[in-house]
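Trainee: Take a look at the letters that make up each chain.
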Amino acid sequence: MAEAETPTARAADKLGAFAKAAKPGAAKGEPVKAAKGTLLYLDGITVSFDGFKALDTLSLVVEEGDLRTIIGPNGAGKTTMMDVITGKTRPDVGTALFDGRHDLTQLREEATANLGVGRKFQKPTVFEPLSVFQNLELALASERGLLATLRFRLDPGRRARIDEILDVCGLGDLRATPAGQLSHGQKQWLEIGMLLIQDARLLLLDEPVAGMTDEETAKTARLIHDIKRRHTLIVVEHDMAFVRELGARTTVLHQGTVLTEGSVDAVQNDPKVIEVYLGR
Amino acid sequence: MLETRALNLHYGASHILRDVDLTAERGKVTCVLGRNGVGKTSLLRAISGLHPTSGGSLSWAGSDLTRLPPHRRAQAGIGYVPQDREIFPRLTVEENLRTGLAAANGQRRAGLDESVFELFPVLKDMLKRRGGDLSGGQQQQLAIARALTMRPGCLLLDEPTEGIQPSIIKDIAGVIAKLAESGEMAIVLVEQYFDFARELADQFYVMDRGQIVLAGAKDALDEADVRRHLTV
Amino acid sequence: MTRLHRWPRPGRAARAALLLALGLLVSALQAPPAAAQQADAAAFAEAVQTLATGDREARERAVDRIVEIGHPRAAAVLSALMYRRLATVAGSDRVVLEPEGGGPLEDALTGEPVENPEALETETIYASNQVRRKLRTAVSQVQIFAEDPQARLASTRNIVRAPSDATADLLRRALDREEVPRVEQAIRLALAKVELLAGDAQTKLAAIERLSGSTSPEVRSLLLRLLDRDDVPAEVRTAAREAAASIETRLTLIDWGQRVFQGISLGSVLLLAAVGLAITFGVMGVINLAHGEMLMLGAYTTFVVQQVVLAVAPGLSELSVLFALPAAFLVAGAMGVLLEQTVVRHLYGRPLETLLATFGISLLLQQGVRTIFGAPNKEVSNPFWMSGSIELIGGAVLTYNRLFILVFALAVLAVLALVIKRTTFGLQMRAVTQNRGMARAMGIPSGRIDALTFGLGSGIAGVGGVALSQITNVSPNLGQSFIVDSFMVVVFGGVGSLWGVLGGSMVLGILNKFLEPYAGAMLGKVIVLVLIILFIQWRPRGLFALKGRAGEQ
Amino acid sequence: QSGEPIKVGVLHSLSGTMAISETTLKDTVEMMVSGLNDSGGLLGRPVETVVVDPASDWDLFAEKARQLIEVEDVNVVFGCWTSASRKAVLPVFEELNGLLFYPVQYEGQEASKNIFYTGAAPNQQSIPATKYLLDQGFERFALLGTDYVFPRTTNKILDAYLNQNGIPDADIMVNYTPFGHSDWQSIISRVKSFANQGKRTAVISTINGDANVPFYKELANQGVDALDIPVVAFSVGEQELSGIDTDPLIGHLAAWNYFMSVETPQNDQFIENFREFTGDQDRVVNDPMEAHYIGFNMWVQAVRQAQTTDVEAVRNAMYGQTVQSLSGYEVEMNENHHLSKPVMIGEIGPGGQFNIVQKTDEAIPGDPWSDYLAESENLTADWTYPWVCGGCEEPTFADAGLIGVD
Amino acid sequence: MASQPAPARAGTGVLGWRPGAADLALIALLLIALVGMPVLNALPPDSGLKLPDYMIGVLGKFFCFAMLALAHGLVWGYAGPLSLGHGAFFGLGGYCMGMYLARQKAISAGNELPDFMVFLNWESLPWWWTGTHLAPVALLLIVAVPGALALLFGYFTFRSRISGVYFSIISQAMVFALMLAFSRSELGFGGKTGLTNFSTILGFSVSDQGTRIGVYVATVLALAGSYLLCRWIVRSKLGQVLVAIREAEDRVRFLGYPADRVKLFVFVLSAMIAGLGGALYVPQAGIINPSEFEPAQSIEVAAWVAVGGRGTLFGPILGALGVNAAKSWLTGFAPELWLFVLGGLFIAVTLFLPKGLAGLWPQVRAAVAKRRGGTDG
Ligand SMILES: Nc1ncnc2c1ncn2[C@@H]1O[C@H](COP(=O)(O)OP(=O)(O)OP(=O)(O)O)[C@@H](O)[C@H]1O
Ligand SMILES: Nc1ncnc2c1ncn2[C@@H]1O[C@H](COP(=O)(O)OP(=O)(O)OP(=O)(O)O)[C@@H](O)[C@H]1O
Ligand SMILES: NC(N)=O
Ligand SMILES: [Mg+2]
Ligand SMILES: [Mg+2]
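Chains as they are written, first to last, in my numbering: chain Z, 1 to 280; chain P, 1 to 232; chain H, 1 to 553; chain Y, 1 to 406; chain B, 1 to 377.
None of these hints come from the bench; they were simulated from the model. Don't take each hint at face value.
Taking CB as the label site, the calculated pair distances span [unchecked claim]:
# : chain 1 : residue 1 : chain 2 : residue 2 : range
1 : P       : K124      : H       : F384      : 56 to 62 Å
2 : Y       : Q136      : H       : N116      : 40 to 46 Å
3 : Z       : A176      : H       : H346      : 27 to 33 Å
All residues carry an ideal CB built from backbone N, CA and C; glycine is no exception.
Sequences and hints are given; from them, build the entire structure.
Mentor: In structure tokens form, the structure reads like this:
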């Protein structure tokens, strides 16, 4: 059960503490050696649709406690990669080892989720007829089994936790509003809230700040810094300001495989990245 | 010139737009800013006719559109790039683009305008792929391209940069500027990405809780003022 | 019960009748000409009278008698009797006939045209099966020497139906004269069949030899019957057994071919029943339970058109099905547009509610038709060009109506595919159904497109109904009997895919026809349904499913 | 006429699959009732029909039967077509002691005290028809039927009958299809190859209802000629044929107790009345309608004789009632609740009418318990003293109730 | 915020009916049914209010249909899948009861085999009839058989992610297959005629009015019990999960809920309730036959639910009672017009009452509120 902590209370002050030993960017097709403490290890993943390879022998290692940003051109395969990790898409070849033990490519979505993989979708998807509160209640970390669900009680601790997340997402006033009536940006926040309250080990965020104001973007960045201490995160974004603010190790995907990997600065100045992604 | 007068809009019982007055001139980029949920999308939906208004009027190029259904507005020249892309998922990219020809008067026979592919080369490669299979950013590009095939006189863009890679955002900015400069088109741009908006806009409207709280030409507005309205 | 029945169709019947007349003339010429003529005329008149009034046995005797007498009018009278053109006149003992190929009524005895035929109240003389069988035998014995080779063929076939020694003689005589190879071969085969049972061992062996290449189940059973007999030498036995086995093999192959055809033809019926649904359900996503009633409307339109044509231009009645096609399209299409405008339009985006509303519509339409036309079936006749069948080897037949329906179904599908894929309307239709709001924002008049799309789907269903009227009941329940199958086809094939409808209907049709002989019609269908359920587990979105993200949306 | 109307229940499907057959029976009863009222009513009282729609749904048949008897208080019910529906209402009629006139040929093996069976029993239809075929020299038989109790039982009886007449099982083919079966291609080709073995073959059809039109259409198209393979049907009458172009079917047979084509003055009158009553000059009439004609007239006579509509009294008065059938025979109600009726065999002629090729000289008493089945050959149905049972081997000497009361 | 924001009582209006009102209405309805009807029935025949004997049976059948509708509505209204084959479970429950009754009848007549088997020359009882003469076995089968079919069908279907129209149509295939199979005389369930002409149930004569009332009361109680069970489920968090599954099943999986199992659970439970309803139906209808498996019949069940109000528990009950009462009345009152009325009703409800009868009250309230809101807004 998640005990209440206030994520916003933590400032985003630990950019420096995030420095990790840079790993050499894995060349296409070349397997990456998984180190100890590895939470997620994608190995040679290929996904193709009618001959088109959306992912092409993609390999990637994410350590426990890592914050990883992923950028790359539209269609590079970022969302597809998340689909593979969460079990939505089965790769043609390759494995996705979680916690060194579980091959996620063999698991169903709910099994993956129960291992502690949470996801925010690129296109916000919330349960429209349910209220904001109920959306969070559903996402709230708890036993997911049939009987457990049937017996579930919303005790004060859990209620407090939901209230807290409502606060974080700025949706306090809208708690009783059916989620279908939220604006685009509000849905984004609700999704983030649902992800937070799930208390997963690995959080996948697909374009979390799309449609947010600059201020909200900054707030999101702070939030991420805060939770990264307890969670491992993979963030996909196109907003380079945001990526810079996260200041995390960054992987650049291109045509379904890793183009390069490194610190934000290094990546930003990489001519290949400028060529295919950033533009001049 | 696009002109709304005292536009009001309700979702059920909740009052979302309150007496919105907005003017967008040909040859200019009119930028609408505002926090999440203030009603920007609702405003564009009201203009495109996708959601009925509960008061006020709307005119384009001198003719009153208030009572026209959306397809008539589109045929009158209103093009719309919606926030959530609204690609026709099971039409191919090419077919998605072709749907724009319904409104492009006299162009139906002429076929697609190849120039959109210069802006979005990836679409050219994916002509036969189904719209729904595209990645998010590709869909966004398709949505813009589709609206352009309508050859609209007035283009409504709802956060067009969302989910698009930086290099293409730059291109889009270039195109918007060019379209505006040609003087043919009135452009209404809803944007959260302030720098992008500032770079392009000729004119700003800032919304809050369904109302225009600030309006004026780019030079006339104080950035801090604007930003104040964009924060909570 | 008063009018002469309408003309037999041109075709087999007419041809045979003509030949009968010719053949009998030949025998008539052989009859003693001068002396007995007076007496014969009286006897002939009496026999004809008996045909009109006698009981069954008397009629049979009269037929014999007429053949015997060989009166010049005999051929005309007998053929008229066989084909129900012979009639009595109320209030007199006169017998009249409608001559071969039409024309005014004539007196049966003299051949004189009847004066003022409209004023006569006539009643057709019915020849029972017994009498007609007798006539047929009489006819074939003469006909085997007829001039038309086709008639000789038919006669040969009829003769061996009841073989006897006399038959063998007759066939040998015919064989001597025969010059057309095709007929000659047929006679040889027929002869072999007779000899198989009647001849000595040597003849039998020769006959077996000749018959071993046959593909007729009848020959096989003749051979098997030979095996049952005790008086047959061993070598004949062996030969017969081998010949029977090789025929068996061929028959099995033919049987499989036949089943494939039957499956495809059942498939084409399913295709026609379902293809309209491919639009209203497959494209628009409306669970259209009134689809069956659109088929029904099409079928009833066929009926009405047929009645109108019969009343207005009876000469064109054989073409009324063709007129019914556009009419049914318009009627059902208009009904579709009406329903879309009044009901379905308000329910877009609520597919499950449309289920309820269209269920209501289907009840209304059913009961409406029942009220207007009555509950009993209506007769829709098959035009002659859709009646009958092509006979293939081994007793396999391809019926014309099913061939037509197959071709027609494919044509409808092709046209529909073109409309959907190649026309602006098709594009706009798909755009509207995938995202109504956005389509409107693109300048597409969704209201009109929706109405036309629903109208198109319904109209196509109406056209399907025209075809169905040719093979099944035209009754208020017609739709109900096809609706479940139609949904199965569309779902099995993959909702929204025209190829799916084609593939689905053909696979289900063929599967059905292959299971039926083993499991029976009922269990066969159960198995097919279970297989559909299992199949969907394996491909949850049907045979021709869209893969990838687009399919989920 | 004055006083409380006498109520006559009509329990025929007006919607659903059976409406095709049953609506005309409703029309018939209504016509008879209106005729009765025109001629002064019954016992000086007007007669009134209570029509309900059981909608081809057998639970509804039971419910509606109950409603008619219990709530509407009808004195008699004319109703049902399929044996299945009759079986569904039978317990209701027995429990509430109602009176049902059932007008359709059926399989026998049943004789309820509360039902008068005015259609044919097997010995009045299927057996004579099969005998006719045997007499004509047919040696091989395909028994095609719809899968339910009437065809099953009929075929069971016929199978026994054929065996007893020297036809081995190898020469009998049996096939059942579901209600409404519409694709007959393979079955007909199977019949053709079954017939193609050198023995003269006939088809005996107990195919019911909707399945007949596609059956006959396919028959015609595959060129099955009545001269080669005649089909004799027990559920096909003028009504069914009116949905088909009969030209190619000429010569196929049916066996009934009545054909529309019988030439008697009362028949002409009946047809004319019916057409006038329904306002449709093309309407055809058929055997079950005649059965209702007989049943209704008998019931009226019995009521007049008993001077009451009380079920027990009327039931007792029914025995021995005679009515001139439309075909001019004197038909009589027997103690086993079945009629003595003539048997006719007709060939389909031009225009969908039957040409009668054989008819019995006498009315034949209906026997519900087939003599060809071991389990029923010794059973007797007789609801009068001393038997008083629907099927027993010996008299029960039970109280038959009300016998002798006028 | 109330202490327990479960969907059925969130008060957001999303799920339509205000819960307290629904419960009260249902309690009132069932009380009238339970006490009022038998009392009315017991009145002397000449008192104007006397309920005819047969009405008890008719009402009892309606309540059985109400159970079927409740079961269907639980699946369709909450979890999302629209079953067009729920008649299968109702019918199977009915057949299990029918077997018991048929055996009782045979035994009372001193036979081992039921009539129709004797008729078809069956030598001995087929194995699938074993034990059906024992009431406890019958009772078990009544829920176990429909439950087992639902388990089998649901397990594979939900696992393969068959949803939407695909689910609807293959559930129709299931019920259609059952109809054909049970119509076959060889299957040993009386073929097209089915099982009928029963004599006793638990030793009491089925035609006795006392027995009738007993079965009737049992039906009302079974309906009440099923309602409470369903109510408990939809108000638990599981109910929320169900609604979430209905709206975005994939998303629920990504949250870690075993969506397949949840759906399967509800589906099986629903089948059992339907089976129980079917079983209680048979002694009151006096017959069970394959027409219960007719696809149109199952479609009609969906129609009852929609008329009553999808997404509520009260609605389906209301819909089943209302539609069947109308049908029963009209088939007698206007035999030639009733299909027009029924068809018209279905259309009118969808057009004008999108939330069904149960949504009528909230709809009226919303309309009033809107008018008010409009004036001051
Ligand atoms: N079912 C499919 N059929 C064909 N192509 C597909 C299919 N699904 C995905 N693709 C293609 O795979 C590629 C990868 O898509 P993906 O959504 O992973 O990109 P992305 O990196 O998330 O892009 P974005 O930044 O635009 O969201 C795209 O080019 C897309 O068009
Ligand atoms: N379908 C709806 N029903 C009811 N309320 C809605 C609906 N859609 C939006 N709203 C409400 O209307 C308000 C305005 O929404 P709108 O989408 O116009 O905002 P926006 O300015 O575009 O926000 P964003 O920047 O997040 O896209 C929001 O408060 C939202 O909750
Ligand atoms: N009795 C009959 N034909 O079902
Ligand atoms: Mg993406
Ligand atoms: Mg917006």
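Trainee: Any of the earlier hints contradicted here, and which numbers?
Mentor: none
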